Each structure stands twice: as C-alpha cells, then as structure tokens.
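Protein chains in written order, with my numbering: chain A, 1 to 137; chain B, 1 to 185.
Warning: the hint list may mix true and false statements.
What the hints assert, rightly or not - Pairs of lysine-lysine residues, derived as DSSO-like cross-links and limited to a Cα-Cα distance of at most 30 Å, are as follows:
#	chain 1	residue 1	chain 2	residue 2
1	B	K52	B	K30
2	A	K5	A	K61
3	A	K59	A	K2
4	A	K2	B	K30
5	A	K59	B	K52
6	A	K2	A	K58
7	A	K61	B	K49
8	B	K30	B	K49
9	B	K52	A	K61
10	A	K58	B	K52
11	A	K5	A	K58
12	A	K5	A	K59
13	A	K2	A	K61
No wet-lab data here; the hints were simulated from the structure.
Keep in mind it's a predicted model, so treat the numbers as computed, not measured.
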Amino acid sequence: MKGLKFILAGILFGIVMSKSEAISWFRIQEMFRFQSFHMYGIIGTAVVLGTIATYVIKKYKLRDYQGNPIVFQPKEMSIPRYLIGGTIFGLGWALTGACPGPMFVNIGFSYWAILVAIAGGLAGTYMYGAMRDRLPH
Amino acid sequence: MLELLRQPWPWYTSGAVIAFVMVLLLFFGKSFGFSANLRTICSACGAGKRVKFFDFDWRSQTWNLLFLVGAVIGGFISAEFLAGDAPLQISQATIQDLRELGISAPDDLQPEEIFGLQALFSVRGFLVLLLGGFAIGFGARYAGGCTSGHAISGLSNLQLPSLIAVIGFFIGGLITTFVLLPLIF
C-alpha cells in the first residue's frame with residue numbers, strides 16, 4: 001500500500017510530539033513565559049539537524065525514493081503576510097496550547113475538547129480563503 | 001526498552017525525531033507542513049465550489065491526510081501503551097504564574113480548566129478553544145504555514161519569510177500569554 005509510509009511517518013510524529021509533551025498546553029505556556037528550555041530545545045534541535053540535512057540534500061543533489069530530485073520551494077518574500085498571519089497564528093497557539101499537528105495528536109489522547117479547536121481551525125481556514133483577496137499579502 | 005520509552009522523552013530526542021520525520025517526507029517526495037491539511041479538508045468538504053482558494057485537486061494531498069491519521073494513531077499509542085506514571089514536570093515559575101490565573105498545577109498533559117468537560121460546556125471555555133482554533137486556522141493560511149512548515153521546514157531551508165512568520169508566532173503568543181490570558185481567566 002502506497003499510503004502506508006505516510007501513516008507510519010505520522011505515527012512516529014504523533015508519538016514523539018506526545019512523549020516529549022510538546023502537545024501540552026502547559027509546555028506551550030512555559031515556552032511563551034521563557035521559563036524552560038524544553039520547547040526551545042525541541043525546536044532548536046530539529047532546526048539545527050534539519051538545516052544540516054537540507055544542506056546535504058542540496059549539495060549532493062539527493063533524490064527521493066522514486067528518483068526525482070528533491071526540490072525546495074523558496075517562499076515568496078513579503079513582510080505583512082508573514083508578520084500579520086504569524087501574529088494571528090501565535091494568538092491562537094498560546095490560547096489553545098496546540099498548533100495544527102498537536103491538535104490532532106490530542107484526539108488520540110481522548111482530549112475531545114480539542115475537536116472544538118479543530119472546528120475553529122477549519123472555520124478560520126475557510127474565512128481566510130474567502131477574504132484572501134482583500135488582505136495585504 | 002519499553003520502560004525507557006514510557007518515560008517522558010528528552011528534548012534532544014524529540015528534536016532529532018522531528019527532523020527525521022521532515023527528512024523522511026522529503027525522501028518520500030513531499031514537504032512537511034501540517035496546517036495544509038486544514039485547507040485540504042475544507043476543499044474535500046466542497047468549499048471549492050464557493051471559494052476559489054479551495055478549488056484544487058485535494059486528492060493530490062491525500063498523503064498529508066494519511067500523515068494526519070497517523071498523528072492521531074501515534075497519540076493513541078502514546079496514551080494507551082507508552083504512558084508513564086510521572087506527572088508533567090513543568091517549571092515551578094510557570095506553575096506559580098498559572099496559579100495566579102486560577103489554573104492548577106498539571107496532573108495531566110492538559111489543564112482541566114480548559115480541556116475538561118466542565119470548561120468545554122461553559123461559554124468561556126468553549127470560546128477559548130473555538131476562537132483559539134479559528135486564529136490558528138486563519139493565521140496559518142495567511143502566513144502560508146504553521147510551526148512545521150515555517151519553524152521547522154522553513155528555518156531549516158534558511159528562509160527569511162519563515163523567520164518573519166516565527167517572529168509573528170511569538171508576538172501573538174506573548175500577547176495572548178501576558179495580555180489576553182489575564183483578561184480571560
């Protein structure tokens with residue numbers, strides 16, 4: 001089954017996010033209050049190793065499992081888009097203590113209340129799509 | 001071995017595994033970005049008929065939906081088979097600050113005051129989750145990515161836009177933490 005590898009990657013992601021407590025509202029509060037290194041350590045380690053991996057992939061022009069070149073799409077430069085969008089995202093992140101990935105991992109933990117946040121997330125995504133032409137990008 | 005896995009995982013293990021997941025997806029020919037799933041779900045529900053932004057071949061994103069399903073299963077496996085008995089060890093300073101807001105020290109991953117059924121069925125609790133989720137969905141698409149797409153994939157690719165987005169994440173997070181939470185709780 002072609003899709004199985006994505007499910008397995010997702011399972012690994014779900015386990016690591018929960019076992020390192022990155023899906024916890026408390027851990028996100030601790031991060032935004034700068035009272036623990038934990039979340040910074042997680043993101044920092046991921047970024048350092050991710051940067052090395054990305055560099056190696058580009059330098060040696062590595063290919064994916066089907067033999068296609070691995071390409072990185074550069075993001076279009078803008079300040080308002082990322083700053084305003086990012087700030088709105090951050091408001092919600094600190095409120096629910098979960099970004100999109102952890103929201104779904106929380107379902108596996110039977111924290112059913114998170115379904116309300118997911119419904120909100122879908123509504124917010126829809127609202128953005130509906131009014132995107134009127135927003136500064 | 002299982003005993004070791006049951007303990008809370010240290011940050012360096014977690015960071016390394018997250019980077020591994022990112023690289024794994026690259027070798028699968030995809031790129032790591034979780035919030036795109038919210039757009040895909042909107043599209044799969046037919047939003048493309050009314051809004052152009054959702055009018056795309058959402059089936060091409062099935063792989064990411066499978067990743068999402070895996071994330072839920074991964075959470076379930078952690079909760080069922082890898083749960084430790086040690087309560088969450090967060091900083092004493094955070095416990096103190098949260099107590100002032102009326103949120104008690106953790107005895108579980110999530111605070112009862114926000115995720116408990118009683119909170120869920122109160123106007124305040126319901127709105128905190130709904131509006132928080134709304135801001136996440138709206139902001140993630142506006143910024144073109146969330147923590148995985150910008151903070152992990154984007155920063156790893158040394159993208160300046162991702163750095164701006166991450167700065168935004170923190171501006172918003174600090175406003176909620178130091179301005180909104182004291183007003184709400």
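Results for each hint:
{"no.": "1", "hint": "K52(B) x K30(B)", "result": "holds (24 Å)"}
{"no.": "2", "hint": "K5(A) x K61(A)", "result": "holds (23 Å)"}
{"no.": "3", "hint": "K59(A) x K2(A)", "result": "holds (29 Å)"}
{"no.": "4", "hint": "K2(A) x K30(B)", "result": "holds (13 Å)"}
{"no.": "5", "hint": "K59(A) x K52(B)", "result": "violated (38 Å)"}
{"no.": "6", "hint": "K2(A) x K58(A)", "result": "holds (26 Å)"}
{"no.": "7", "hint": "K61(A) x K49(B)", "result": "violated (40 Å)"}
{"no.": "8", "hint": "K30(B) x K49(B)", "result": "holds (27 Å)"}
{"no.": "9", "hint": "K52(B) x K61(A)", "result": "violated (35 Å)"}
{"no.": "10", "hint": "K58(A) x K52(B)", "result": "violated (34 Å)"}
{"no.": "11", "hint": "K5(A) x K58(A)", "result": "holds (23 Å)"}
{"no.": "12", "hint": "K5(A) x K59(A)", "result": "holds (26 Å)"}
{"no.": "13", "hint": "K2(A) x K61(A)", "result": "holds (25 Å)"}
Figure legend: structure checked against the earlier numbered hints; hints not met, in rising order: 5, 7, 9 and 10.
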